[in-house]
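S.K.: Here are the chains, one letter per residue:
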Amino acid sequence: MSKEADFYLRRLHSLLGIIPVGLFVAQHLVINHFATRGPEAFNNASNFMGNLPFVLFLEWFIIYIPLMFHAFYGLYIAFTAQNNVQRYGTFRNWMFFLQRLTGIFLVIFIAWHVYETRIQKALGADVDFDMMANILSNPFMLVFYIAGVLAATFHLANGLWSFCVTWGITQSPRSQTIVTYVTIGAFLVLSVIGVRALFAFV
Amino acid sequence: MSTTAVQEQQTAQKTVQFEILRQDKADTKPYWEKFAIPYRPNMNVIAALMEIQRNPVNAEGKKTTPVVWDSNCLEEVCGACSMVINGRPRQSCTALVDQFTQPIRLEPMKTFPVVRDLIVDREFMFDSLKKIKAWVPIDGTYDLGEGPRMPERKRQWAYELSKCMTCGVCLEACPNVNDKTNFMGPALMSQVRLFNAHPTGSMNKDERLATVMGDGGITECGNSQNCVVACPKGIPLTTSIASISRATTVQMFKNFFGSDHMVD
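Listed in order, the protein sequences are those of chains A and B. Using our numbering, the letters of the first sequence map in sequence onto residues 1 to 202. Using our numbering, the letters of the second sequence map in sequence onto residues 203 to 466.
Hints should not be assumed to be uniformly reliable.
[What the hints assert, rightly or not] Stretch-level coverage of chain A by chain B, calculated; a stretch enters the list once three of its residues show a Cβ under 8 Å from a Cβ in chain B: (1) 4–11; (2) 34–48; (3) 72–81; (4) 84–92.
[Claimed, not checked] Covered, in the sense of this in silico footprint (three residues per stretch, anywhere, with C-beta under 8 Å from a C-beta of chain A), are these stretches of chain B: (5) 329–336; (6) 375–388; (7) 408–421.
[What the hints assert, rightly or not] Derived DSSO-like pairs (lysine-lysine); straight-line CA-CA distance at most 30 Å: (8) 456/B <-> 3/A; (9) 3/A <-> 335/B; (10) 356/B <-> 227/B; (11) 333/B <-> 265/B; (12) 3/A <-> 333/B; (13) 333/B <-> 382/B; (14) 356/B <-> 335/B; (15) 3/A <-> 265/B; (16) 382/B <-> 3/A; (17) 335/B <-> 265/B; (18) 356/B <-> 332/B; (19) 335/B <-> 264/B; (20) 356/B <-> 382/B; (21) 382/B <-> 335/B; (22) 356/B <-> 312/B; (23) 312/B <-> 3/A; (24) 332/B <-> 382/B; (25) 264/B <-> 332/B.
Hints listed in this document are in silico derivations from the structure and should not be mistaken for laboratory results. Glycine included, every Cβ here is placed at the ideal spot set by N, Cα and C.
Just chain B, with the same shape it has in the complex (with noise of 0.2 Å):
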């Protein structure tokens, strides 16, 4: 009896130990603030800052401001909470405490520029998704009918591509992301494969290959080949690449050698 007193007491006071790297505003120099969180049982990473958010005292005991991130879905699939968490970009909801080495390093996705402590802006992103038109147009003035039919199989194949929650995770990992290039990243590549792949969307698929071919496009990848070890939905995004990199291939003769065909 007495042994399981002292037991549940030892787990009572067990700690999580976290660094977190924290900026007051966008342009103040960040710094390094650790935590001592109470442990429980099967917490992750958002359950630790909402504690801080709780009871915002750093591991010194003092009374500090509260860390701030952004959340929504909390089961992956919105992809607004990815942090880099002991130096590889995630999302921080699957983030299960258990599975890190103490103590667990907090940081922001510095290749966005930083909001405050751990919230970036992936505008970047949401603009580029405009610039590749990721959408299938079907306004008009009439009505325009249905749309051809996609083969079950190839909706199937779709669908992982679809997976992507522009989370920026693959920006992050990237080399050739950052302030000395345009590069959109590899969730852009593969975003142009999927609308391309539609058979309506496929309509204007030399729209999107002409805006890879331009700044900021396909060609900007290195093949380091990050972005497919990142990706937390395990999107095939190097072989996206690859299949744009061909798609802009023959775009480049069609569009040299002067053929009329602006789409098959």
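So here's chain A without its partners, still in its complex pose (with noise of 0.2 Å):
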């Protein structure tokens, strides 16, 4: 691929992450809350969201395709840097350097739980309560899906602060600091209802 295109492919890569794969990350999490409301609730909401018209459609546009590119483009990005936080172990350069370590934890984290789920209920399976319990009763699971959860809540909360840098919404120290905190206290919500439904399949 030319260089050149390099400027609009970055870009591209850096609003897909929000638009729409952050969302649906969120959206993704919120739905699995339902899990604390007991089998029968987050059965329900499963099988709205499983079976929402165009679903096909909806899977491979707003999930699958944004997903990919945004995974193996990002992974190209992740292996052009040459991480120095040993020379310089300011905040923004750990940030740096976590936002490449979790993408990469993600891309296997999602290609494995993809598996698990998704291509199970195609070849039959039935994706629901039951299922996810089954899985996260093995404490190895259970451990690499909290992982799962954090890395991703993570990458998406930084990813908003770099989002707003790298189109530059926030320009001044300042306003990136304060977008800092948002974007902390983003990380901790998201991480929060994430884990919270982990717990439930328990």
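Two independent chains are provided; combine them into the complex using the hints.
M.R.: Rendered as structure tokens:
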């Protein structure tokens, strides 16, 4: 691919990370939270989402295609960086490093998660409360899923911060600091929602 | 009286320990060499290098080749003497020996091609300055007359950006300036902002923005914000980067939706 196209690809990568992938992640975690109200509430919500009209179209154009572009172009970005947190141990340099680290981990986690749920559904399994309860009864998988949820909420929250800089919304150090606090808040809120849902299955 | 004599003798014998990453030629393997330099009050790293040049003997007492380095102004305005000192890039002229833990480790800024010892070739930056047209074009076939006036407060602000000496420290600090990317570096993004802010320079601002929307431009920035920490001149590099991000966003929409406005 031409290096000249990098500007547009990188901007597309930044945009897709928030719309639609980031919005989808937030929505996904909120829907999962139905699990805290019991198996029936979760199954109802899950059936509603799984039986939306044009569900395949929605899945491909809101989730799979943007997510795959974001994931694979993101891997390329992650592996072109030469991290130096030993030399500059500043907050932002750590965020830069963790953004790439969580990104790489999420590619692995999401691939596994999709295989275990959506692909199994396509093969005839029922995606319901029992399926998740069964997966998360394994302590290793519970830890893996908690790590996955926290990586996703971190990557989204910090991505929101860098989205604001990349598109030139926040310029001054002060505005960037304020958005840092806002995104830390978003990280905490989404993490609590996501992890509570996971523990509802245990 | 005798106490003073002892003290004087001790001061005279005090040495400064250096470890220098040496490289004989551009394509040979680098190696470390240790030096013990007689201490003098208020000495800087360049004074120590001059001492090695005068008496090229390493810490083992063996004669060696003098260490070569680059320097000009010796007052931190030219940028030539930049090197990595105890792990961080900075100018060696303002690096006072008293401020460092010993041994003081000197390395070339390996983001750039090493010519020999501590000398690197920063031509990449100068080529990039040409690419972004880091100047105000005033030449013509006739007298173009006076340009528009620059507001005094804007001039004061722009002066801060103009302190950039192309020293390369921000490129060395940036995780995204490496041989896997063509990123021109934070300093260059700030230079685009400087020349686009100038009333006459802004007449070509679309050309500069087009360059940084191309290969090695603004999009390679990953917001690690090391540059603004590293810059010896305190230039608000991350603010410049975000400002160029906004300018390129606007330019992108202009280009896409077909505005015929090239400038303003």
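S.K.: If a hint holds in the structure, say so; if it does not, say that too.
M.R.: Now the hints, each set against the structure:
no. : hint            : result
1   : 4–11            : holds (count 6)
2   : 34–48           : violated (count 0)
3   : 72–81           : holds (count 4)
4   : 84–92           : holds (count 6)
5   : 329–336         : violated (count 0)
6   : 375–388         : holds (count 7)
7   : 408–421         : holds (count 7)
8   : 456/B <-> 3/A   : 21 Å, holds
9   : 3/A <-> 335/B   : 20 Å, holds
10  : 356/B <-> 227/B : 46 Å, violated
11  : 333/B <-> 265/B : 45 Å, violated
12  : 3/A <-> 333/B   : 16 Å, holds
13  : 333/B <-> 382/B : 20 Å, holds
14  : 356/B <-> 335/B : 21 Å, holds
15  : 3/A <-> 265/B   : 49 Å, violated
16  : 382/B <-> 3/A   : 12 Å, holds
17  : 335/B <-> 265/B : 47 Å, violated
18  : 356/B <-> 332/B : 24 Å, holds
19  : 335/B <-> 264/B : 50 Å, violated
20  : 356/B <-> 382/B : 37 Å, violated
21  : 382/B <-> 335/B : 24 Å, holds
22  : 356/B <-> 312/B : 36 Å, violated
23  : 312/B <-> 3/A   : 24 Å, holds
24  : 332/B <-> 382/B : 22 Å, holds
25  : 264/B <-> 332/B : 45 Å, violated
Violated hints, in rising order: 2, 5, 10, 11, 15, 17, 19, 20, 22, 25; the structure is consistent with all others.
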